[in-house]
Amino acid sequence: MTVSRYAKVLGAVLLLVIGTLFVTSIYGYGPEHLEAGVQQENDLEVLLLNISLLVTAIEHKTIQNAPIITAAFFCSVLLGTATVIYKNNGRREAGASAREEKSAPKTRPFGYIYGLPGLLSWAVILFCAVGLIAFPRVIFSIAFIFLVFLLLRMALITLFNIVGSIRCLFWERRDWDADAQVVRVSAGFAPADVYHIVLLPNFKESPKVLKRTLDALAVQSRAATRLIPVLAMEAREQGSLEKGEALAREYADKFCRILVTLHPAGLPGELPCKSANMTYAVQEAWRVVVEEMGIPPERVTVSSCDADSVFHPRYFAALSRLFVDDPQRYNRFWQAPLLYYNNLWQTYAPIRLMTYFSHTSQMGELALPFYVPLPISTYSLSLRLAREIGWWDPAVISEDWHVFIKTFLLKKGKISLTPVFLPTRSDAIDGENFWTAMHNRYQQVTRHSWGAEDVGYFLSRWTTSRGIPLFKKSFRFLQVLIDHLLRSTAWFVLFSGSVAAAGLRQGNIVPPGFESIEPLARVIYLVGFFSLILLVAVEFIRFPPPGVTAFFTKLATTLVAWLLLPIFSLFLLALPALKAQTMLLMGVPLAYWVTPRNVSSRG
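Using my numbering, the first residue of the sequence shown is number 47, and each one after it goes up by one.
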């Protein structure tokens with residue numbers, strides 16, 4: 047082996063070791079450090095990483111040996127992920143008290159099948175790392191096909207995002223109360239006879255945030271006679287009951303009833319999370335609404351509502367109409383597009399850009415024909431159906447997809463979701479400063495990515511859920527699995543493809559031997575480019591910045607964030623998703639993390 051090769055191997059090993067330390071330090075930067083202001087003891091690791099990157103880049107002439115550098119980096123990500131999770135195994139997660147640990151389910155839903163997403167993600171990343179050195183042409187081919195898939199998917203979703211936005215305009219102009227008093231023969235009651243329970247689980251939320259949500263409910267059609275908000279408070283929060291009762295007194299004349307429940311801490315078989323609180327609250331609502339008030343559960347809907355969710359003023363009028371007119375009302379979920387517009391222009395550009403992708407995906411999937419998306423965060427279903435399935439599972443962190451999958455399996459696949467094109471507004475993630483905002487986004491994606499446990503849940507009930515057509519069951523399973531795999535692996539596949547292309551093409555648009563795909567590559571790149579431009583344009587038209595100066599400023603920062611998207615998407619999507627899946631793989635529990643709201647002082 048020549049001196050040059052020794053230097054390459056040594057540089058790759060150095061990058062691998064220091065990269066592992068760096069990734070470990072990223073994962074180790076938890077909420078407790080932000081709250082206490084603790085100075086991290088990893089400054090040396092970051093310094094060494096920067097030095098090693100510089101030395102390695104100079105020594106390897108960057109592009110010429112990019113596959114070696116990239117492979118070492120991929121391996122360092124995996125080793126860093128495993129190291130920090132192994133190091134924290136058995137420790138209490140940040141935000142989880144000792145009492146909560148003792149009350150957690152003794153048999154957590156971990157095992158080999160629950161670790162499948164993490165196992166597949168690791169396999170994909172390792173395959174890319176090895177392939178960059180051993181078979182770069184194969185890696186380039188796979189990455190190119192994958193890129194074509196992603197860009198065409200983005201183009202399709204962007205197109206139907208426009209379709210969905212147009213539908214929203216028509217739905218907003220429609221008079222949903224035109225025949226609200228007319229009794230439907232198929233239902234036996236009229237839209238005006240439908241009651242709506244709205245569950246508001248909250249933990250350490252400010253009264254200002256809760257009032258904003260209650261104000262949006264108070265202006266709903268027939269709110270004073272048909273709407274029943276439930277302020278689902280947590281006993282873990284000191285003074286929460288007093289806060290809830292004060293709000294109930296203030297809004298007592300706005301609604302049919304307003305209930306306040308106090309979810310006890312440490313109930314057996316529960317985790318401190320949204321679904322546990324909702325299950326406790328909805329059972330209390332059942333006792334009051336059905337048993338005390340005597341309202342038939344067949345005429346009642348129940349909605350999951352985040353503390354920051356602001357319903358469209360006509361949402362419940364439309365829901366009443368849709369509920370009564372639907373012969374499958376007891377096998378149905380209803381979902382409005384969730385748009386993070388409450389504070390969008392206060393957030394930082396990287397978060398804003400990723401929020402645009404979320405908006406486009408939600409609206410586009412709801413508008414797609416012949417496709418049934420999964421519910422997200424704030425959604426509705428019949429009270430009868432909620433009781434039939436045994437409410438929400440109190441030990442599940444990502445409850446929205448889970449409750450739909452649970453219903454799908456219990457109802458033998460006879461369940462669907464109907465879009466309500468009256469957008470619900472919510473808060474985008476933010477922070478007191480840039481780094482806090484990035485950390486909050488990282489924590490939020492980690493929590494959302496914990497929904498990968500639904501893959502294991504689905505598989506564990508595959509054989510017992512009989513009567514569902516194989517194609518239908520397989521589609522739902524792959525829908526969940528592919529979504530979680532894309533979060534954790536897409537960045538690594540695309541980046542490895544770029545590195546492989548850079549090492550092969552020698553200045554051409556495509557590597558030698560792939561000239562036949564050059565016209566297709568040009569078309570695909572143009573489609574992706576214009577789809578992204580259209581995506582941002584739709585957002586700026588649908589919710590423009592306040593003022594001409596702000597318009598151009600926000601547009602400029604969005605374009606900068608777009609150029610830096612490969613960096614931000616790694617730290618704000620791929621790594622937190624990979625961390626959550628690896629924790630599932632290794633059987634390490636995750637504590638429920640509540641998104642901070644109204645923490646920004648920026649206007």
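In short, the hints are calculated from the structure, not lab data. Accuracy of the hints is not assured; some may be wrong.
To be verified - Below, simulated PhoX-like cross-link-like pairs (lysine-lysine); rule was C-alpha separation at most 20 Å, straight line:
1) 300 with 254
2) 460 with 519
3) 289 with 257
4) 250 with 300
5) 250 with 289
6) 519 with 458
7) 257 with 300
8) 600 with 519
9) 600 with 518
10) 289 with 300
11) 518 with 457
12) 289 with 254
Open item on the list: Checking one constraint from the list: CA of residue 250 to CA of residue 289, max 20 Å. Satisfied?
Closed with: holds (10 Å)
Task: Holds or violated: residue 289 to residue 300, with C-alpha atoms at most 20 Å apart - done: Holds, because 18 Å separates the two Cα atoms, which is no more than 20 Å.
Task: Straight-line alpha-carbon gap residue 257 to residue 300, limit 20 Å - done: holds (12 Å)
TODO: Please work out if residue 300 and residue 254 have their alpha carbons no farther apart than 20 Å.
DONE: Judged against 20 Å, a Cα distance of about 17 Å means the pair holds.
TODO: Decide if the proposed pair is consistent with the structure: residue 519 and residue 458, CA atoms, cutoff 20 Å inclusive.
DONE: holds (9 Å)
TODO: Decide if the proposed pair is consistent with the structure: residue 250 and residue 300, CA atoms, cutoff 20 Å inclusive.
DONE: violated (24 Å)
Task: Pair hint residue 289 and residue 254, alpha-carbon separation not exceeding 20 Å - done: Distance ~11 Å between residue 289 and residue 254 Cα, so the pair holds.
Open item on the list: Does residue 518 sit within 20 Å of residue 600, going by the straight-line distance between their CA atoms?
Closed with: Violated - the C-alpha atoms of residue 518 and residue 600 are around 43 Å apart, more than 20 Å.
TODO: For the pair we were handed, residue 518 and residue 457, check the Cα-Cα distance against 20 Å.
DONE: Distance ~13 Å between residue 518 and residue 457 Cα, so the pair holds.
Open item on the list: For a C-alpha distance cap of 20 Å, please report whether residue 460 and residue 519 respect it.
Closed with: Since the Cα atoms of residue 460 and residue 519 sit roughly 11 Å apart, the hinted pair holds (cutoff 20 Å).
Open item on the list: Checking one constraint from the list: CA of residue 289 to CA of residue 257, max 20 Å. Satisfied?
Closed with: holds (11 Å)
Task: Given hint residue 519 paired with residue 600 - CA-CA distance at most 20 Å - done: violated (44 Å)
Hints 4, 8, 9 from the earlier list are contradicted by this structure; the remaining hints agree with it.
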